[in-house]
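Undergrad: If you're matching them up, the sequences are chains A and B in order.
Quick note: the first sequence, position 316, residue 316 per full-length UniProt numbering, numbers continuous.
Quick note: the second sequence, position 339, residue 339 per full-length UniProt numbering, numbers continuous.
Since the hints were derived computationally from the structure, they do not count as laboratory data.
It is possible that part of the hints are untrue.
[Unchecked claim] With a Cα cut of at most 27 Å, we get these calculated DSS-like pairs of lysine-lysine:
hint, chain 1, residue 1, chain 2, residue 2
1, B, K84, A, K161
2, A, K121, A, K463
3, A, K192, B, K289
4, B, K38, A, K192
5, B, K254, B, K38
6, A, K344, A, K456
7, A, K462, A, K344
8, A, K448, A, K393
9, A, K161, B, K289
[Claimed, not checked] Chain A regions said to be covered by chain B (calculated; three or more residues, Cβ under 8 Å):
hint, segment
10, 22-33
11, 231-240
12, 277-289
13, 303-313
14, 388-402
Since we're looking at a predicted model, the values are computed, not measured.
Ideal placement from N, C-alpha and C gives every residue a C-beta, glycine not left out.
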Amino acid sequence: MAIELKMPALSPTMEEGTLAKWLVKEGDTVKSGDILAEIETDKATMEFEAVDEGTIAKILVAEGTDNVKVGTVIATIAGEGEDASAAPAPAAAPAPTPAPAAAEPAAGEDGGPKKADSGTKQLASEKAATVQDPAIPEGTEMVKVTVREALRDAMAEEMRKDPRVFVMGEEVAEYQGAYKVTQGLLEEFGPKRVIDTPITEYGFAGLGAGAAMGGLKPVIEFMTFNFAMQAIDHIVNSAAKTNYMSGGQMRCPIVFRGPNGAASRVGAQHSQNYGPWYASVPGLIVIAPYDAQDAKGLLKAAIRSEDPVVFLENELMYGRHFEIPQLDDYVLPIGKARIVRSGKDVTIVSYSIGVGVALEAAETLAGEGIDAEVVDLRTLRPLDTATVLESLKKTNRLVVVEEGWPVCSIASEIAAVVMEQGFDDLDAPVLRVTNEDVPLPYAANLEKLALITADKVVAAVKKVTYRG
Amino acid sequence: MAKAPARKTTEPAKTNRERPEEPKRFEASKEQLLEFYKQMLLIRRFEEKAGQLYGLGFIGGFCHLYIGQEAVAVGLQSALDGEKDSVITGYRDHGHMLAYGIDPKVIMAELTGRAAGISRGKGGSMHMFSTEKKFYGGHGIVGAQVALGTGLAFAHKYNEDGGVAMAYFGDGASNQGQVYESFNMAELWKLPIIYVIENNQYAMGTSVNRSSSEDQLYRRGESFRIPGIQVDGMDVLACRGAAEEALAWVRAGKGPIILEMKTYRYRGHSMSDPAKYRSREEVQSVRDKSDPIEQVKRELEDMKVTEAELKAIEAEIRKVVNESADFAEQTPEPDASELYTDVLVESY
Chain A
1 MAIELKMPAL SPTMEEGTLA KWLVKEGDTV KSGDILAEIE TDKATMEFEA
51 VDEGTIAKIL VAEGTDNVKV GTVIATIAGE GEDASAAPAP AAAPAPTPAP
101 AAAEPAAGED GGPKKADSGT KQLASEKAAT VQDPAIPEGT EMVKVTVREA
151 LRDAMAEEMR KDPRVFVMGE EVAEYQGAYK VTQGLLEEFG PKRVIDTPIT
201 EYGFAGLGAG AAMGGLKPVI EFMTFNFAMQ AIDHIVNSAA KTNYMSGGQM
251 RCPIVFRGPN GAASRVGAQH SQNYGPWYAS VPGLIVIAPY DAQDAKGLLK
301 AAIRSEDPVV FLENELMYGR HFEIPQLDDY VLPIGKARIV RSGKDVTIVS
351 YSIGVGVALE AAETLAGEGI DAEVVDLRTL RPLDTATVLE SLKKTNRLVV
401 VEEGWPVCSI ASEIAAVVME QGFDDLDAPV LRVTNEDVPL PYAANLEKLA
451 LITADKVVAA VKKVTYRG
Chain B
1 MAKAPARKTT EPAKTNRERP EEPKRFEASK EQLLEFYKQM LLIRRFEEKA
51 GQLYGLGFIG GFCHLYIGQE AVAVGLQSAL DGEKDSVITG YRDHGHMLAY
101 GIDPKVIMAE LTGRAAGISR GKGGSMHMFS TEKKFYGGHG IVGAQVALGT
151 GLAFAHKYNE DGGVAMAYFG DGASNQGQVY ESFNMAELWK LPIIYVIENN
201 QYAMGTSVNR SSSEDQLYRR GESFRIPGIQ VDGMDVLACR GAAEEALAWV
251 RAGKGPIILE MKTYRYRGHS MSDPAKYRSR EEVQSVRDKS DPIEQVKREL
301 EDMKVTEAEL KAIEAEIRKV VNESADFAEQ TPEPDASELY TDVLVESY
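Next up, chain A with everything else stripped away, as it sits in the complex:
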């Protein structure tokens, strides 16, 4: 029986890739460990190794094919004694159909083995804002880029402009970034300004803060913000408080950036949203963009700021495509929320990856006759409460969506602000849609249960609009 070789998933979030090159041809004998092919994702080129022994019977996907979905049969191997030439092509070589993102892989139901799945599939979205940012001039050409590219372009543009800006972190230079956000920077700016550090978060966060005090403008990348907990003393005690403690004499213009929030199936220690933590600290600016345009415009603003900035990205969003304005110098204001969808029946407030979930829920709600307005906070500190209250005035109902824990969250803060300053505008209590109040579990089914979904948002909106 021929063995099917399937397009492998090379990272937890990979859904498709390019079959860049075959290193074997039909008729070749292979054994385990032989490299069969090179596969490219948006992050990297990886080698695909043989596990089984036999003869390559049939190559089903030619090299150079783009967008090959994970799980597609790309070749078959005939085992020992089998006639390779006679090996039949698999009956139904699955055409590159969309990944079964929505389809629930019910274990056992169809008798098939349960595949690795993730609750984060319900999070990552490419739902674009339906309201154009008024900051973009009419008639500006729009181009499609990933969030990853937008972030890199923001850094590159600011580095070209200001020689004091440098990038430092683990694997940012020669490896091109653990998540490939800094791809190409070493080549353009050299090792003086794109610096690989040892694994030493506390050390390089402190070194960065000191360099900022000494007049430079560091961009410090944390491989993920989970590791920044080792460095949080320098973010809070050294960077945030220095300007105040020195009576305005000593500044610390630094950007701490990296992925934040739940990633896919990485378990509790690698899945946490630190937005509320940093947003509670006076002296810090905290930014958490959703789409590529905000990622670029706000990262540029963050690098230019004279204040310390915590810039929270999201790994699940890095590979997502969005339109962004083709402008020479696209900088957005810090501290301004953005209405990404306008509506009149309810206000859904969110930030970062939660915005996509909110937009998805808004679409569903529109089908049911509920017109939701979605507000993307974009900056968590200082919080643009005016935009939230203004929207509430119009809709009189508010739901906050947050990919993070409920207790002492941004959602709690919004609820408090609305109570204090918008009470008379409320026709229903503010509801919070957040992750469950547990460390993030590994098991796919539990992970799904723990995270926010558009359905949960829809249910909350129905509650506050008394439609459920």
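Position chain B relative to chain A; hints supplied.
TA: Only chain B this time, still in chain A's reference frame:
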């Protein structure tokens, strides 16, 4: 085939790495020695006055006095180039600021929490800065200044300004993990920094021997290939001599160096420390035998400086310190509106 026997790893490492020269005691002229004497005496009298004001309730919170350690800051900083070199230290920072020539009035006014204080009253004893003098604080978290100072050194190298960073920390901080994270990067990137361990023997109430598996702290950089020198921190000329050797090493691009200054604080860790962990006799014996100021005084007398001259210096310093105290007591507190200023640099 027989394998080659594993190398015996318990053998002490033999290195032929370059090491700095043994520092020579600085040969000061009479004028230079007089200057050192004045600076050390200023620190001593200033700190005594600060202790007194604390007792009277003018100074609040934590107040860590530098009495006994004066030779370290004065000796080391006298060797720096004030135009380009930078200094950073922990919370026991009054002495370093005075040694840098910062006006005692604005320091004392910061201690009393007044608007005229160097941090406009918002920093206090542990959080004082003078970017103008390249003094970067004044940091309250034990060991933080080591990583921050390494960042200052990084900036010197990045800007190619020829400056050297001097980061002071205590024997207590030398057991913090970030110190070694910093050592690693500093040597890896050959950063221009002098790490100064002010070993005053006690990390608050815990002696070096009770807290440090390697109590010869100048060796703490060995596994990072950072050379260390142990220095008599009660002798201002030894301190100055060591600084010159260290600066020569760092300015030659050889990377970081560690100076362990063996010193002693006469007072408690802070004003609220009754210092029960050591005997009165121990403190008295250091004061009698190796007081840094008395030592210089004797050398000045050998250089034929008269008692009258020394008395005049003493009187002048008391006057400066008393004026700073009067100023600090009388100058107003910050305006209430200052509560909300300086949180951020920009408006958003």
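Undergrad: Look at each hint and say if it fits the structure.
TA: Hint-by-hint comparison with the structure:
1. B:K84 - A:K161: 26 Å, holds
2. A:K121 - A:K463: Judged against 27 Å, a Cα distance of about 25 Å means the pair holds.
3. A:K192 - B:K289: Violated: K192 of chain A and K289 of chain B sit about 50 Å apart, past 27 Å.
4. B:K38 - A:K192: Cα-Cα ~44 Å, so violated.
5. B:K254 - B:K38: Violated. K254 of chain B to K38 of chain B sits at ~34 Å, over the 27 Å cutoff.
6. A:K344 - A:K456: Holds, because 20 Å separates the two Cα atoms, which is no more than 27 Å.
7. A:K462 - A:K344: This hinted pair holds, its Cα atoms lying about 14 Å apart.
8. A:K448 - A:K393: 34 Å, violated
9. A:K161 - B:K289: 60 Å, violated
10. 22-33: violated (count 0)
11. 231-240: holds (count 4)
12. 277-289: holds (count 3)
13. 303-313: holds (count 3)
14. 388-402: violated (count 0)
The structure is inconsistent with the numbered hints 3, 4, 5, 8, 9, 10, 14, although it conforms to all the rest.
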